[in-house]
Amino acid sequence: MTDTTVPAGMPHMHVPPVHADLAVAMTGIVKRFPGLIANDHVDFDLRPGEVHALLGENGAGKSTLMNILAGLYRPDEGEIRVRGGVFEPDSPRDAIAAGIGMIHQHFTLVPSLTVTENVLLGLDEPRFRLDLREYGARIAALGEHTGLRVDPDAQVWQLSVGEQQRVEILKMLYRGARVLVMDEPTAVLAPQETQELFRTLRGMTESGGSIVFISHKLDEVLAIADRITVLRRGKVTAAGIPAAGRTRPELARLMVGREILETIDKALVTPGPVVLEVRDVRASNDRDLEALHGVSLDLRAGEILGIAGVAGNGQTELAEVITGLRRCTGSIRVNGTEVANRPPRASIASGVAHIPEDRHGRGSAPNLSLTDNLVMKSYRSAPISRGWLLDRLAARRQARDLTTAYEVSAPSVDTEARLLSGGNLQRLIFAREISTGPSLMVAVQPSRGLDVGAVATVHRLLLERRGAGAAVLLISEDLDEILAISDRVAVIYEGRITGIVDSAGADIGELGLLMTGHAASDEVTAA
Amino acid sequence: MTAGTGTHRHWLPIGIRAERRLETPRWLPIATLAIGLLVALLISGALIALIGGDPFLVFRHILNASFGSLGVLSDTLVKATPLIFTGLACAVAFRMRLWNIGAEGQLFLGAWGASAVVLVPLLPPGVSPFVVIPVMIVAGVVAGALWGGIAGWLKARFGVNEIITTLMLNYIAIQWVRFWVFGPWSEGGFQLSEQFPREAWLPRLTDFAKAIPDFAGLTIHLGFLIAIACACLVWLWLARTRTGYEIRLIGDNPRAAHYAGIDIGRMVILVMLVSGGLAGLAGMSEVSGSVHRLQDGFSPGYGFTGVIIAYLARFNPFGVIVAAIAFGGLILAGREIQPAGIPSMIQGIVLFCVICSDVLLRYRVRLVRR
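Protein chains in written order, with the numbering used here: chain A, 1 to 527; chain B, 1 to 370.
None of these hints come from the bench; they were simulated from the model. Please read all numbers here as calculations on a predicted model, not as lab measurements. One or more of the hints may lead you astray.
[What the hints assert, rightly or not] A short, non-exhaustive set of chain A residues, derived as facing chain B with CB atoms under 10 Å:
| # | residue |
| --- | --- |
| 1 | Ala-346 |
| 2 | Ser-347 |
| 3 | Ile-348 |
| 4 | Ala-365 |
| 5 | Val-375 |
| 6 | Trp-388 |
Built from N, CA and C at the ideal position, the CB exists for glycine as well.
Produce the entire structure from the sequences given, and follow the hints as far as they go.
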């Protein structure tokens with residue numbers, strides 16, 4: 001392999017690629033969306049047998065570029081060659097026919113079908129009679145061969161997220177993919193599952209396959225990639241530089257164009273009285289399976305308690321029982337008032353604010369104005385409510401004040417909420433929730449999917465609440481985030497709190513083990 | 001790779017690409033509505049030409065027969081009156097994504113309730129119209145509201161699908177009225193009641209012909225003004241009040257509304273009561289203002305047309321007035337052209353085209369060269 005070494009941060013020099021040797025060569029790709037250029041003359045190439053990381057902030061154009069390769073979008077300009085031949089896909093079907101398979105962040109599996117059925121879904125073969133056993137055996141053999149072991153007869157809903165991801169990969173391999181594009185594959189995985197995924201990917205490259213690894217996590221990129229391409233606002237800032245020897249600050253600078261302050265100032269706050277008292281809470285999830293098996297917690301004023309855990313271990317349900325959105329057994333007291341099984345309004349009235357996990361699906365009304373979205377929690381009281389009537393002027397005034405104070409950038413307060421970017425929408429939700437003056441703030445995945453700047457704002461706002469004497473329950477899958485801003489960390493696994501430790505001096509490896517249920521639990525609960 | 005699976009599918013040199021719109025300009029809904037209506041006109045015209053008619057003649061005839069003189073305009077507004085009520089009834093419910101398609105049944109119950117005041121009778125004969133009319137209005141509204149409220153309560157309490165319940169309640173309501181006009185209230189064995197006494201009639205313009213001779217023969221009645229007033233009230237309710245805000249919030253995202261602490265079940269019942277009440281008012285206004293008796297089949301499906309009106313108006317109360325008047329004219333003119341067939345087909349084509357034109361609101365459509 002001959003690397004075209006480009007010094008980091010230098011304008012990328014165009015080296016005419018030898019097409020035939022490359023698995024994929026994209027040159028001069030331009031893709032415009034109304035109001036923005038998602039890809040501005042982007043070059044990207046992929047060699048056989050390598051992991052090429054595509055690094056960038058949210059909205060940098062990584063997914064757009066790969067969606068073009070996978071046949072979901074058409075480029076406005078530019079050329080794609082696959083193994084030397086010109087490639088103009090009209091659909092993902094064309095892409096897969098050329099050996100390119102993309103695995104999206106949100107899986108495209110049918111939960112009630114088996115692994116075999118999911119793998120075969122959408123294929124022309126078998127034409128008529130489906131011998132599940134025969135195909136199951138083939139898929140099992142493929143899994144054995146590639147190290148992607150899953151039970152072909154299991155129904156997808158029974159599988160863990162990591163296993164579901166394996167099914168997605170198998171689906172692509174079964175279709176003959178030689179190039180695998182993975183869009184933020186580790187976002188849903190526990191540390192151990194990530195390691196396992198990396199081993200699988202390594203195995204695939206050793207047998208000649210190529211992998212595009214889309215991510216904004218620097219550590220992972222450094223751990224897995226052979227080469228790295230960095231995108232910033234649709235432009236390439238580093239083209240296929242070798243990963244060996246790169247450092248986090250260097251990559252971060254390429255990504256955001258400025259040094260990120262990775263240390264967070266955490267003022268010393270003496271915790272006050274207990275605000276949230278959770279005792280032996282049990283609750284079912286949407287499928288009527290018990291998701292919380294007797295959770296107990298205490299949270300004090302001026303304290304941030306992080307709940308660490310892999311997605312789907314009861315975090316969503318925990319947030320929902322506290323905010324009155326889900327029924328449960330047991331006791332939940334906020335400032336001494338029982339809120340379990342009371343309507344959401346009771347929880348709001350007793351000072352609970354909620355930054356929901358699903359910003360679009362729960363935290364906002366997409367087609368209503370910013371004003372309507374900002375008064376969702378305050379429209380019942382003066383000055384916005386005047387008896388039966390709503391004072392629209394007061395509502396707009398409050399909306400204008402909040403959008404200014406929290407830097408929600410939008411043309412006006414009449415703009416529809418769906419037009420906001422992720423970071424702006426999250427600032428709006430924070431503005432609304434903080435404006436109610438909460439004594440307890442439940443924040444679920446508050447920085448997920450946000451770019452570096454917005455993440456910093458979210459952390460600052462949570463720490464400000466803590467400084468103002470509120471209790472903050474921070475539920476997150478991002479262990480780094482939890483360790484950076486929480487005072488204590490509780491690990492949740494399969495609906496149980498498997499350990500609570502002080503975040504200062506907590507050991508990531510140990511937490512990772514707790515998060516995956518490999519608990520040496522007695523040692524940790526003692527801490 | 002260029003060849004691949006791509007080429008053989010594209011037998012036209014030009015393809016259509018639809019891209020999701022990020023923003024909706026303010027003028028766009030009106031423009032798409034106009035496009036939809038234009039296409040509907042073209043298709044209807046083609047249809048008329050196909051069966052040997054002259055489309056231009058037919059369209060001009062429709063205009064003349066519905067808006068051509070004061071007399072027919074008054075008749076059009078009489079036809080439009082129940083449609084405004086039922087259109088509002090549907091619009092209010094649809095705003096909250098509550099699919100009340102039972103306005104027909106609620107209308108029948110409203111008419112029955114209002115008639116009961118006169119036919120039972122609940123008031124002694126000879127009472128002033130200033131008492132009789134308000135009591136009839138209240139009776140009609142309450143009867144319609146309760147009929148709608150049944151479906152609302154079932155949905156709020158047990159999660160029963162309101163489409164099914166409101167649809168089924170229509171049949172019960174229609175048969176219920178049929179029972180009364182065939183039985184207890186039948187006049188001489190016909191399927192209609194006796195005519196209401198004059199004090200139970202909503203005043204018409206023609207009633208004032210003695211003072212103003214030009215009003216002679218104009219049958220437009222007070223119900224039309226009540227309908228306009230209701231449209232204004234519904235608009236105020238949705239746009240300016242707390243519950244109106246809650247309805248809009250639930251309509252846009254019920255999960256967000258639940259999260260904001262809104263009791264959705266309570267709102268479902270409230271909105272079904274209001275929706276049913278408005279439809280009930282349609283029934284009251286029809287028997288008291290136009291038919292002057294309760295009779296079998298007095299509504300040619302005003303409740304179902306209300307669904308169409310609400311859609312055409314994009315759930316806007318003032319839009320409902322416009323759409324209802326247009327449809328009133330079409331119904332009236334339809335009788336002039338042909339007893340059945342083409343006019344109702346035109347109605348169907350209009351609705352179809354307008355609903356299809358919604359795609360243009362959400363997508364930007366482009367032609368691309370292959």
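Right, here's what the structure says about each hint:
1. Ala-346: holds (8 Å)
2. Ser-347: holds (8 Å)
3. Ile-348: Holds - the Cβ of Ile-348(A) comes within 10 Å of chain B, reaching about 5 Å at its closest.
4. Ala-365: Since the shortest Cβ distance to chain B is 4 Å, the answer is holds.
5. Val-375: The hint holds - Val-375(A) has a Cβ within 10 Å of chain B, the shortest such distance being about 8 Å.
6. Trp-388: Hint holds; Trp-388(A) Cβ to chain B Cβ min 5 Å, cut 10 Å.
In this structure, none of the earlier numbered hints is contradicted; all agree with it.
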